[in-house]
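Read top to bottom, the protein sequences are chains P and D. Taking my numbering, the leading residue of the first sequence gets 1, the next gets one more, and so forth. Taking my numbering, the leading residue of the second sequence gets 116, the next gets one more, and so forth.
Calculated directly from the structure, the hints in this document are not laboratory data. Only a predicted model underlies this, so the values are computations on that prediction, with no experimental measurement involved. Yeah, the Cβ is synthetic: ideal placement off N, Cα and C, and Gly gets one too. Accuracy of the hints is not assured; some may be wrong.
Computed cross-link-like contacts, DSS-like style, restricted to lysine-lysine with a CA-CA straight-line distance of at most 30 Å [said to hold, decoys possible]:
#1 D:Lys120 <-> D:Lys226
#2 D:Lys186 <-> P:Lys57
#3 P:Lys9 <-> D:Lys120
#4 P:Lys57 <-> D:Lys226
#5 D:Lys226 <-> D:Lys171
#6 D:Lys169 <-> P:Lys57
#7 P:Lys9 <-> P:Lys57
#8 D:Lys120 <-> D:Lys169
#9 D:Lys183 <-> P:Lys57
#10 D:Lys183 <-> D:Lys171
#11 D:Lys186 <-> D:Lys169
#12 D:Lys183 <-> D:Lys120
To spell it out: a stretch of chain P is covered by chain D in this simulated footprint if at least three of its residues, at any positions, have a beta carbon under 8 Å from a beta carbon of chain D; those stretches are [unchecked claim]:
#13 12-25
#14 65-72
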Amino acid sequence: DSGVTQTPKHLITATGQRVTLRCSPRSGDLSVYWYQQSLDQGLQFLIQYYNGEERAKGNILERFSAQQFPDLHSELNLSSLELGDSALYFCASSAAPGLIAGELFFGEGSRLTVL
Amino acid sequence: DQQVKQNSPSLSVQEGRISILNCDYTNSMFDYFLWYKKYPAEGPTFLISISSIKDKNEDGRFTVFLNKSAKHLSLHIVPSQPGDSAVYFCAATGNQGGKLIFGQGTELSVKP
Chain P
1 DSGVTQTPKH LITATGQRVT LRCSPRSGDL SVYWYQQSLD QGLQFLIQYY
51 NGEERAKGNI LERFSAQQFP DLHSELNLSS LELGDSALYF CASSAAPGLI
101 AGELFFGEGS RLTVL
Chain D
116 DQQVKQNSPS LSVQEGRISI LNCDYTNSMF DYFLWYKKYP AEGPTFLISI
166 SSIKDKNEDG RFTVFLNKSA KHLSLHIVPS QPGDSAVYFC AATGNQGGKL
216 IFGQGTELSV KP
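Extracted from the complex, chain P is given alone in its bound form (with noise of 0.2 Å):
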């Protein structure tokens, strides 16, 4: 158990539709990362957040937003879903803001189905 939490674990949805998915990262950690791994994919980075700031960001679609909130919790929000947004969305978290020495703790994912 990494101590991440994330919710749901699975959803299936239809084209078009909004959904959003949370992350608790490990107590004392304030850095919260969202990755995306589609099929034959590797982990893609999406989107950092650090102390509720936006740290980093990767090749995260204009459809696809998120934040982190005061109590250090995190949702990605995906909308105007299309077949292909059909992935394992990863939260992963760290105490840091970058990682010099550490690395990341990775929750369980959410498989998000589009039909």
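Position chain D relative to chain P; hints supplied.
Showing chain D alone in chain P's frame:
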């Protein structure tokens, strides 16, 4: 643009033998490299890391080697055990906001 590449999607080895997983990177700004292991239905878990100031780091059965001139790193598992069967991801960072860039993963199967 794939900055971190794992060219072997899968690898099969016999229990007790050495497993060697390879990773190449293109960005010379990367200065910290990590390996993660992932079992089905679980998130990736940290395995071992290496800083660019070193060329080898060892932790029990796991050793990571870094060849900066070749922009190549490898993970050696000796001896391999059936419980090592998992997908292994190589990752790199240049501390660019802390984001990790991952390779596509190599699925290791260790046969008894």
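**OP:** Could you work out which earlier hints the structure fails to respect and list their numbers in ascending sequence?
**Re:** 4, 13, 14
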